[in-house]
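Chain residues, written in single-letter form:
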Amino acid sequence: MTLTIRALRTGGKARIPNESTKILAEHAKGCLLLSDGRLAGSGDFSLSVMASPDVIEQEVRQFLRDNFPLSADGVTLDREDSLIEVGVIDSTGVLELIGFIEERYEVEIADEEVLPENLDSIANITRFVGAKVGGGSNGAG
Amino acid sequence: MAQAELSPDTLRLDAERAVEEISERMREVVYKDLRRRGAVIGLSGGVDSSLVAHLCAHAFGPERVLGVLMPEGESAPDTLDLSHVAADAAGVETVVEDITHLLEAAGCYERRDAAIRTVMPEYAEGWKAKIVLPSLLGNARYSLFTVVAESPEGERREARLTATAYREVVAATNFKQRVRKMLEYHHADRLDYAVVGTPNRLEYDQGFFVKNGDGSADVKPIAHLYKTQVYQLAEHMGVPAVIRERPPTTDTYALDQSQEEFYFSVPFDKLDLCLYALNEGLPVEAAAAATGLDAEVVERVFEDIERKRRAAEYLLAPPILLTNA
Numbered sequence: 087m088t089l090t091i092r093a094l095r096t097g098g099k100a101r102i103p104n105e106s107t108k109i110l111a112e113h114a115k116g117c118l119l120l121s122d123g124r125l126a127g128s129g130d131f132s133l134s135v136m137a138s139p140d141v142i143e144q145e146v147r148q149f150l151r152d153n154f155p156l157s158a159d160g161v162t163l164d165r166e167d168s169l170i171e172v173g174v175i176d177s178t179g180v181l182e183l184i185g186f187i188e189e190r191y192e193v194e195i196a197d198e199e200v201l202p203e204n205l206d207s208i209a210n211i212t213r214f215v216g217a218k219v220g221g222g223s224n225g226a227g
Numbered sequence: 177m178a179q180a181e182l183s184p185d186t187l188r189l190d191a192e193r194a195v196e197e198i199s200e201r202m203r204e205v206v207y208k209d210l211r212r213r214g215a216v217i218g219l220s221g222g223v224d225s226s227l228v229a230h231l232c233a234h235a236f237g238p239e240r241v242l243g244v245l246m247p248e249g250e251s252a253p254d255t256l257d258l259s260h261v262a263a264d265a266a267g268v269e270t271v272v273e274d275i276t277h278l279l280e281a282a283g284c285y286e287r288r289d290a291a292i293r294t295v296m297p298e299y300a301e302g303w304k305a306k307i308v309l310p311s312l313l314g315n316a317r318y319s320l321f322t323v324v325a326e327s328p329e330g331e332r333r334e335a336r337l338t339a340t341a342y343r344e345v346v347a348a349t350n351f352k353q354r355v356r357k358m359l360e361y362h363h364a365d366r367l368d369y370a371v372v373g374t375p376n377r378l379e380y381d382q383g384f385f386v387k388n389g390d391g392s393a394d395v396k397p398i399a400h401l402y403k404t405q406v407y408q409l410a411e412h413m414g415v416p417a418v419i420r421e422r423p424p425t426t427d428t429y430a431l432d433q434s435q436e437e438f439y440f441s442v443p444f445d446k447l448d449l450c451l452y453a454l455n456e457g458l459p460v461e462a463a464a465a466a467t468g469l470d471a472e473v474v475e476r477v478f479e480d481i482e483r484k485r486r487a488a489e490y491l492l493a494p495p496i497l498l499t500n501a
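Protein sequence lines, in the order shown, are assigned to chains A and B. Just so it is clear: in the first sequence, position 23 is 109 by this note's numbering, and no numbers are missing. Just so it is clear: in the second sequence, position 250 is 426 by this note's numbering, and no numbers are missing.
These are calculated hints, taken from the structure and not from any lab test. Hints may contain errors.
[Unchecked claim] Some, not all, of what chain A presents toward chain B, calculated at C-beta under 8 Å:
no., residue
1, ASP167
2, GLY173
3, SER177
4, THR178
5, VAL180
6, GLY185
7, VAL219
[Said to hold, decoys possible] Some chain B residues flagged as far from chain A (calculated, every beta-carbon gap over 12 Å):
no., residue
8, SER199
9, PRO297
10, THR340
11, THR428
12, ARG486
These numbers were taken from a predicted model, which means no experiment stands behind them. Built from N, CA and C at the ideal position, the CB exists for glycine as well.
Bound conformation, chain B alone (with noise of 0.2 Å):
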C-alpha cells in the first residue's frame, strides 16, 4: 500500500557515506571546478550554516575555512553566540563584521519602518515588528501577509499589509541579506576562497532566500537534503545540541519569527514528507498518513508548493543572455 511506503523513516540517510559523498563533490568543485583554495561561509548561529561549516572543514580541513559572523541592530541575542559555538565546535576561524551601520547607510530600517507606517501609523521609534504569514493548518483562507508590532510597553498590534507595503518591507529587509553576502565575497576575494551557500532543499526548492543575498553562492552543498536530514548529518558531525535545539529563525525581523510563521506554514518535518511525496508522486493519503495532517490540509501544503515553485523560478533564474535575439 501507498500508505506504507511513506514514513518519517525514508528521509534517513546513511550518515557517514552522505558527509563522504558531499566532502567528495566539493574538493571537485571547490579546487578543479572554481580553482579556488578554501571556503568562506556566513554563520548565522542556525543547523544549517553550521552544519555547512562541519562539512567545509571536514572537506577542506578546517585551516582552509572562514566563518563571517554578521550580527546587526536586530539580530536575535544568541546569534553571535551560537555562530562562535558553531565555529568553535568544527575548528573554523572566524571574523566577526557587525552589519548594522552598512544597514543604516543604505536606509534598510528607515525605509522599512516608513513603510510598516503605512499600514499601522502607531508604529514609532522602540517598537519591534515582523511579518507572519498564517498558517495553512486547519483553514481554508488565503493566507495574509500581516505586520506584528510589539511597542516598548510591550503592547503587540496587528495589521494586514498592502502589496506595496509588503513589497517595501521585504525589499527593506533583503538588504540584510545582501549586505551580509557583498562580505562573503569581500573575504572570498581577499583569501581566494568559494563561497559556499547554506540552503537546504526545502529553502532552495521554496525560494526561500533573498535573490543576490542569501541565495548567492558558488557552491551549495546541502540544497538537496531535505530539513529532517540536515538535522541528522548535524547531530552525525557534532553541532552542538544547542543550535540543533534552536527552532529555526528567520533572523530577520526585530521580533523573533519563526520560519513556518514567515514562509512555510507547516512545521518543517511535516513539510519534508509532503515535498518528498510530491517529488515521488506519491498520493495526498500517503502524505496525510505519514504526517498526520488531513488529506485536505496536505493538498493545500500540495498547492503551496507548486505555488511557491512558480514564485521561485524568477529567484533561482541566472541572468539570461539574449545570444538569439
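Excised from the complex, chain A in its bound form (with noise of 0.2 Å):
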C-alpha cells in the first residue's frame, strides 16, 4: 500500500491511517519521517508500508460482509472455513477476491496462484497476502 500524507510543519507527528500499520520505506519530499513517527521538513510525502497480518485479516473480514450477503447474514466464518464450501463465494466472488487483493494491497495475482491454498479461507488469504506484500514467498503456486 501507499499512503500519501502532508506534513504542515517539521516536528509534527505523521498520522498513520491504521495504528498497526508498520512502516517499510519513507520517501521523503520535502520532509522526512523519522523513527519516531516525527517528522522533519513538511510538504507532501508518501509512505510504503505494510499491513500487518491482524489488518489484512480485518480487512478481509470486512471486503466479506460489504460483498458477499451470506457473510452478512449471521454467517461467523472461522479463519479455517472454505469459503466456496460455506457459498460466501463463487466462481465470480473468487474474481471480486483477486481485484479487492490487487487493489488494496498493490500486488499482482497470477493466474497460477489462484489457488485454494492461497485463497479459499479467511487464514489462508491473510497468509498469501502477507507473503505477496512482505515480498517474501508469494504463498502456493
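Bring the two chains, given one by one in their own frames, into a single complex with the hints.
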C-alpha cells in the first residue's frame, strides 16, 4: 500500500491511518519521517507500508461482509472455513476477491496463484497477502 | 458393488415410452392447464430445441407448432440452416426473425465490447471474442472466467476478467436470450400458443440459462432428461444426424464457444453420470469408475455441481410475493 501524507510543520507527528501498519520505507519529498514517527521538514510525501496480518484479516473480513450477502447474514466465518464450501463466494466472487486484493494491497496475482490454498479461507488469504506484500514467498503456486 | 450400479447404460430410456409420456403430459399442460392451442419454440439448430420441435409436433400435430428462428450478426454460419433442417424434419412451420437490429438498439454489442476493453484495451471493431471457463479436469486451481479474443488478422489474445467486466459482458450478452424470448411470446400471443422451453436437465439443474431469457417458458418438456437421454430420444424421433453430431455450443459469442468452455467444464456425458451419481447418493468411486475420471476430479465435479445449484436458486426462483409481510 502507498499512503500519501501531508506534513504541515517540522516536528509534527505523522498520522498513519491505521496504527497497526508497519512502515517499511519512506520516500521524503520535502520532509522526512523519523524513526519515532516525527517529521522533519514539511510538504507531501508518500510512504510504503505493510499491513500486519491482523489488519489484513480484519480488512478481508470487512470486504466479505460488505460484498457477499451470506457472510452478512449471521454466518460467522472461522479463519479456516472454506469460503467456497460455506457458499460465501462463487466463481465470480473469486474474481472479486482477486480484484480486492490487487487493488487494496497493490500486488498482482498470477493465474497460477489462484489456488484454494491461497484464497479459500480467511487464514489462507491473510497468509498469502502477507507473503505478497512482504516480498517473501508468494504463497502456494 | 456400487461401481457396478452405474454405467452409461444406466441412463438409457425406453425411448418409445418416454416420448409417449412426455407427449401426453404436454397435451394436458398446454390444452387443459394453460388453455392454449399449440406451441411456439425458439429453434437454435441444436439438439435440444430440435428434439422439442419433434416432441411438440408429435404431441400437438405439426400444424399446431411454430418454430421461431432468431439469428443475429454473430450467430454461427450454420445456425439458420440447421434450424431449418430441424423444422423440416419435424414438419413444423417456421418464421425467421433477425434480431441484430434489436440487439444494436439495446446496446448489446456496444456494452459488451466496452466491458471487454477494460481488460483488453486492444480489442477493437472487427475482433471476435468469447468467454472461457478453463476445464476442471486435472486442475486444482480455481476456474477463472477469461476472455479470448481474435483480431481480424487471426491473432489470439487472452485476459482474465475482473468481476465487474465479467458481469458487464454477461449482462450485455443476456440481451440475446431475452430478446429471443420476447419474440417467442409475441408469436405465442398472436397465435394463442404456449411457449415451450428447451433446457435439458443439466442446464436446468445447473442454472445454465438466462433468467427471463431462455429460462422462461410456459412448459419445459425435457428439463428432466439428462443430455445423453436427449441424444437418445433425438435419434429415436428422427432428428437429423447433422444436428445430433454437432458439438453443443452456446452460439452466444462471435468466436466458436462450446458449452464445456463456458460453463460445464467436463464433457456432458461424464457430467450426466456425475449428476446422476450425486442425485442418487452413489459414491464418488462409482462415478469415477463409470466416467473414467479420477476420483479427485469427480469430487471437484460434485463440488462444482453443488456450487452451481446454489447459484441457480436465484435463477429458478419465481417472483416472490410478500403475502406475510
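message = Flag every earlier hint the structure violates by its number, smallest first.
response = Of the numbered hints, 1, 7, 10, 12 do not hold.
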